[in-house]
Amino acid sequence: MPVNRRQILKLAAAAGATAALPGPGGAEAALARPSKDARAVLVDIANCVGCRSCEMACSEANRLPEPESDVNFETPRATGPDRFTVVNRATAKSAGGDERFAKTQCMHCVEPACASGCVVRALEKRADGPVVYHADRCLGCRYCMVACPFGVPKYEYTKLAPIVRKCTFCAERQAEGKPPACADACPNGALTFGKRAELIEEAKKRIYGTPGKYVSEIYGELEAGGTSWLYISDVPLQTLGLPPGVSKTSYPEMADRALSAVPFVITLWPPLLMGLWAMNKRKEEVAAAGKAGEGRHE
Amino acid sequence: MSEQAIARQMNGSWVRDKIFLGLTPAEYLKSLVTPANAVIAVILAAGIPCLVLRFAKGLGAVSNLSQTWPWGLWVAFDVISGVALAAGGYTVACAVYIFGQKTFRPVLRPAILTGFLGYVFVLFGLIVDLGQPWRLPYQFFLTPGTTAVMYEVGWCVFLYLIVLGLEFAPAALEWLGLAKLRRLLEMMSIGIIVLGVTLSTLHQSSLGAFFLMTPEKVHPFWYSPFLPIFFFISSISAGIGMVIVESSLSHRAFHDRLDPKAPVDMTAITLGLAKAGALVLFAYFFIRLQGLAGSGRWDLLLTGWGAWYGVEMLGFILLPSFLFLVSVRRESVKLARFAGALTVLGVLLNRFNVSLFAYNWTLPKRYVPAAAEILISLTIVTLGVVVFRWIVNRMPVLAEHPDYRGSHE
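Residue numbers (our numbering), protein chains in the order written: chain A, 1 to 298; chain B, 1001 to 1409.
Keep in mind that the hints were calculated from the coordinates and are not lab data.
One or more hints might be untrue.
[As the list claims (entries may be wrong)] Restricting the straight-line Cα-Cα distance to at most 20 Å, the calculated cross-link-like pairs of lysine-lysine (PhoX-like) are:
hint	chain 1	residue 1	chain 2	residue 2
1	B	K1365	B	K1102
2	A	K291	B	K1334
3	A	K281	A	K291
4	B	K1102	A	K283
5	A	K178	A	K36
6	B	K1057	A	K159
7	A	K213	A	K93
8	B	K1334	B	K1275
9	A	K36	A	K195
10	B	K1102	A	K281
11	A	K195	A	K205
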């Protein structure tokens, strides 16, 4: 079994060198293992007509400026500090010749790179699904933006006390038992809110229940080790504007491998270096004594 | 004369001796009018307004940082390269104390001072780059993110800054004439050195670990699961290169600070460092090649990226390794210095490649630093040089203090 971070911290604490560090409770808080009931959204591209009701609802729920009204879908738009979700047109059309659209937002990874890499736990993965952001902790290193494979976190470069902005999965609404605003507003059944495990079943049911309609892949089932936003589509997934080449393994694990060496360096380096020092010192002493001895013989 | 007046007069001569280099304030100010200081003044006159603008108007007002390029010149140069270039301190400390290579003793203090100031100005650069730098302490006390690579780096850099301060403290204490305190520090020295080498091993490598989570953003030639090892090994070569370059520069610039009664054998030191440099770079070259083998992307060698990779691997790793070797065989200090400069540039190039040039390599839009970003980085380096010069001119750095000659272990 690979050494996990909790064990590493325990080892490190045992080494004494990090005795002053706070306990591993923080690690649990930043990266809660999702519960079986963790929430997710299934996006069915075949049902999306590009009405952008989700954008409108998102702006309202998050008190953001109203989204622009004259969108011609010619150039893809990106999310920003004041725009947590955008709908873009897919580059492929359906078999029936209809245009296809895809909504993008924070994917709320099961094991988010951003939260695992955040040095102040400003980003936090909650067991029920959302990756939430605590603006009052953030020091603005922007490593979350570097680490996020989906390019989601956005920064307020123009402000004097800037913070990171991104989709919250409407964590507050969810706490009240309501679905995220976007899923609530979708008039065409393109967004289904529910438990992640059940939505994966639902996605498979749709894919295999209507042979030939869907691409037989669920984007988000494995991407980045699994995400809370899942996409199924009747046009190739790579035409939807979702980032290509996202690894299908957990991102935090990639850094864990290196961090697992830390306790060994902490425990092995000092005795090794002290040993070398003692050996070289001894060698010098012997050499000096040898010289003195020679002097006596003469 | 009253006791107070005597004290005041003594105080006056203390300031004159220690701060004004034995000159009167007027003479001292006059001595500052030099061509070098004119250059420094120009840089600061351009850079300080940019710094003010950064904190008065925000990051967006002075930088080209963007939503797709959250890390720019300040992180790539001031922080990531800065830490690597400050590696001379731990490299030479390890050679002198742990491996008993006493030949390098004369360059230990300048190397530690360069390292200490390097880290101070890394912190300075970080404060410029962070959106809300006043929250830096949160990671230690309030909301530590124990799973983050940056958490480890933060602790290591914070502790190592203290270690470097302690390693340099004897020079400052000799300058101030505090012999007892100095003796106390000398007694702890091996412990401090071991702590310094351990902390450096950890954070020099962890700077590479920042990019472990970006396998698809960093070009396969520069991304590797072994990035922490690459960063650690190359920090040793950076330390060796920096000590060669920096000692040659400061022995020229501060030759009046050298002790004519105790001449330093710079040839032996430089060639000794060159020998180590040849070995480390040679090993580093093959370790990097293993990274390429691991990715298996040999096909990309025929692209423009392949040529750029070749420039770094052959021109800035294998070539300086070879030149170091030749310099040792021919006992050519000049060649060793050239190879040293090439090594330093090579490590800079590598850090820039990983964090800027080969980052977001699939995006057509590139980040180019704004003029103000460059000026701020230049200002930080210049301030580092000014403080280095101020200290070298006053404290026993390049030559031993006459009262403590030969007392170093």
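Checked hints:
1. Proposed proximity of B/K1365 and B/K1102 is contradicted: the alpha carbons are some 51 Å apart, above 20 Å.
2. Taking the CA atoms of A/K291 and B/K1334, the gap is about 36 Å. The hint is violated against a cut of 20 Å.
3. Distance hint between A/K281 and A/K291 is fulfilled; the C-alpha atoms sit about 15 Å from each other, no more than 20 Å.
4. Under the criterion of a C-alpha separation no larger than 20 Å, the hint pairing B/K1102 with A/K283 is consistent with the structure, at around 13 Å.
5. In summary, the hint linking A/K178 to A/K36 is supported, as the alpha carbons are separated by about 18 Å, within the 20 Å threshold.
6. Our distance criterion of 20 Å between C-alpha atoms is met by B/K1057 and A/K159, whose separation comes to about 7 Å.
7. Between A/K213 and A/K93, the direct Cα distance comes to roughly 13 Å. Compliance with the 20 Å bound is thereby established for this hinted pair.
8. Restraint check for B/K1334 and B/K1275: satisfied, since their Cα atoms lie roughly 14 Å apart, inside the 20 Å limit.
9. At roughly 8 Å between alpha-carbon atoms, A/K36 and A/K195 fall within 20 Å of each other, so this suggested pair holds.
10. A C-alpha spacing of about 11 Å is found between B/K1102 and A/K281, which places the hinted pair at or below 20 Å, so the restraint holds.
11. A distance of roughly 15 Å separates the Cα atoms of A/K195 and A/K205; the hinted pair therefore holds under the 20 Å criterion.
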